[in-house]
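Novice: In order, the protein sequence lines correspond to chains B and D.
Positions in the first sequence are counted from 1; adding 1 to them yields the working numbering.
Positions in the second sequence are counted from 1; adding 1 to them yields the working numbering.
These are computed hints drawn from the structure, not numbers from a lab.
Hints are not guaranteed to be accurate.
Note: identical chains are not told apart, hence a pair may lie in one copy or across any two.
Stated by the list, open to error - Derived lysine to aspartate or glutamate pairs resembling DMTMM-like cross-links, with alpha carbons at most 25 Å apart:
| hint | residue 1 | residue 2 |
| --- | --- | --- |
| 1 | Lys261 | Glu173 |
| 2 | Lys207 | Asp69 |
| 3 | Lys141 | Asp53 |
| 4 | Lys260 | Glu173 |
| 5 | Lys37 | Asp109 |
| 6 | Lys260 | Asp79 |
| 7 | Lys37 | Glu99 |
| 8 | Lys261 | Asp79 |
| 9 | Lys260 | Asp211 |
| 10 | Lys260 | Asp353 |
| 11 | Lys80 | Glu121 |
Number of protein chains: 2
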Amino acid sequence: MKLTSLQKTAPSVVCPANSHAENFNEQQHNNFDEVKVSAYMSQSYIAVSMNDSVAAIKNNLANILTGDQIPTYLYVIDKDKYLNGLLLMKTLLTSSDELLVSDIMRRDFFSVSPEQSREEVFALLNHCDVDSIPVVEFSKLKGVLRAQDIAELIEDENTQDAHLQGATLPLEVPYMSTSPITLWRKRVVWLLMLFVAEAYTGTVLKAFSDQLESAISLAFFIPLLIGTGGNSGTQITSTLVRAMALGEVSLRNLGAVLKKEISTSFLVALTIGCVGIFRAWILDVGYQVTLVVGLTMMAITVWSAIVSSIIPMVLKRLNIDPAIVSAPFIATFIDGTGLIIYFEIAKLIMTDLA
Amino acid sequence: MKLTSLQKTAPSVVCPANSHAENFNEQQHNNFDEVKVSAYMSQSYIAVSMNDSVAAIKNNLANILTGDQIPTYLYVIDKDKYLNGLLLMKTLLTSSDELLVSDIMRRDFFSVSPEQSREEVFALLNHCDVDSIPVVEFSKLKGVLRAQDIAELIEDENTQDAHLQGATLPLEVPYMSTSPITLWRKRVVWLLMLFVAEAYTGTVLKAFSDQLESAISLAFFIPLLIGTGGNSGTQITSTLVRAMALGEVSLRNLGAVLKKEISTSFLVALTIGCVGIFRAWILDVGYQVTLVVGLTMMAITVWSAIVSSIIPMVLKRLNIDPAIVSAPFIATFIDGTGLIIYFEIAKLIMTDLA
């Protein structure tokens with residue numbers, strides 16, 4: 002394996018495999034959605050004063066630089082930690098010795114607040130080639146998000162989204178150290194909520210039991226129809242949720258998204274409708290049921306596209322992380338409503354059912 | 002909103018929103034799983050020679066440093082690009098002027114090969130506080146993965162996993178620039194594959210149509226049973242797939258994972274079994290069907306736990322990205338097999354069905 006080329010370990014390369022878990026632990030009593038920037042910021046930054054001279058800092062570099070990495074910025078603060086500006090290390094290294102920090106520092110800069118939520122800054126940081134960001138509150142420097150802190154924040158947000166998309170609460174510690182009891186607790190909440198929502202399908206089917214009894218072959222297609230509806234909806238939400246997390250899609254795109262998704266769903270509906278008719282024909286269930294299956298397939302596909310593109314947007318609007326619209330969430334929603342569509346179409350087409 | 006604190010744009014902060022799309026484009030004719038390190042490596046590195054003096058490099062810093070960030074390493078290569086060593090920028094800055102690069106360079110270092118797949122290096126890089134890595138082939142320096150290249154690689158792998166988990170092929174360009182035809186093409190492949198797999202449920206139900214006809218109330222619980230089985234399976238795979246992507250879980254943990262998941266599934270099965278019995282009791286379907294539903298609920302939960310913990314591991318073993326085991330994949334698999342479990346239990350319990 003080519004991986005062996007990674008074997009030589011330079012002593013300086015620190016790999017804090019579980020450091021993200023510590024951040025999660027600090028936060029574990031909070032709502033999973035409310036991890037703040039303050040949980041990630043570091044106190045490892047180089048502070049200088051406006052009146053320091055370039056020569057003085059340069060001569061002190063060996064003491065100032067703690068790790069192997071050279072920070073891009075030095076932070077210019079006063080004795081009360083008011084952040085006056087940022088000084089590019091590059092500017093410092095290439096400036097002449099007699100200059101003062103105040104001559105060469107930068108007075109405009111990005112900053113974030115320690116109270117901002119991780120989700121909020123994720124989309125902003127994820128694409129940006131930002132090396133480090135000061136964390137500022139009331140003009141005072143509270144800490145710094147270094148490159149590695151930003152990477153950790155992004156990784157944790159991605160992990161949380163991955164867990165939410167699987168309809169389970171995020172784990173606070175790495176998987177292998179999580180006990181079955183904790184896993185059960187993390188999962189059973191969502192599972193029960195989905196169960197309650199899904200239980201509605203029983204009510205729907207009972208309501209249509211007369212139709213079912215007079216055409217039992219309608220039952221053959223129940224898993225296929227609702228399954229396909231759930232699958233096509235899942236495709237849409239997973240794409241949208243990721244695009245929203247990355248900041249590519251926001252609420253103001255709702256119209257464009259709906260247009261795009263409904264157009265796409267017509268293409269998908271045509272494809273899947275034909276395949277559905279073919280499947281019903283193979284099962285030899287008569288032309289009426291075949292027609293009902295084909296039409297329902299198309300209707301459910303379009304319906305699930307509408308639902309799956311609107312719900313993540315609405316949640317975003319309500320300030321709920323759209324990542325909770327997981328595949329199981331969409332599938333459950335489509336199951337109940339899809340069955341109603343199915344039997345209503347059946348009642349329309351199959352005259353002896355109505 | 003607190004986001005306003007991010008408004009001031011320092012001119013040096015480059016935010017190449019779509020730069021990752023370019024990398025994807027270069028690769029779009031390849032299999033989605035085979036994006037290589039070479040697609041991410043950069044030629045922006047500082048090359049020095051063994052015989053350069055510290056003074057010479059220091060005096061030339063203003064020309065050498067291209068961006069604002071100060072690279073952690075300089076790369077010591079000869080005229081044929083053989084990589085002789087790495088020189089810490091910090092060491093350079095704090096060494097006395099008369100020394101040569103060969104006196105202070107580091108001869109042991111991490112490296113990756115340009116041919117390594119993105120997925121392979123993802124788990125290794127994700128947790129590590131690695132600033133930059135040389136990309137080396139036959140001892141020659143081919144390029145460098147800088148911090149921002151590593152971040153981009155990680156982000157793209159996360160995006161691909163998010164799309165695969167939604168059972169859709171990854172997009173090559175940002176969502177808003179993707180046409181409905183492309184979206185259709187990306188989605189319909191998986192959708193049809195899932196349709197074909199799911200179509201099996203029709204065959205199963207047709208095979209059990211006698212049982213269905215004699216106890217139509219069995220049909221009421223079909224979506225609920227297979228839906229819950231799919232949901233509990235999805236919870237497991239999504240957690241496992243993420244843990245595997247992060248390198249927390251590997252094949253050698255199979256035993257431990259199975260033990261953990263099966264223990265958990267017994268707890269979940271007990272909970273969900275009770276709720277299932279309660280639901281059947283509310284729908285007033287008789288004690289036999291109620292018992293069948295409760296037992297099936299438990300059996301399906303345990304069955305889906307076994308399936309969902311083994312499949313991602315097996316795929317990893319076959320060198321297939323386990324992220325393709327999406328919620329729809331698991332749901333489809335559980336749907337068919339879950340129905341068989343359901344009707345076999347029904348035939349055992351309900352003596353008049355057998």
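Novice: When the structure is checked against the list of hints, which entries are broken? Sort them ascending.
Specialist: Violated hints (numbers, rising): 2, 6, 7, 8, 9, 10 and 11; every other hint is consistent with the structure.
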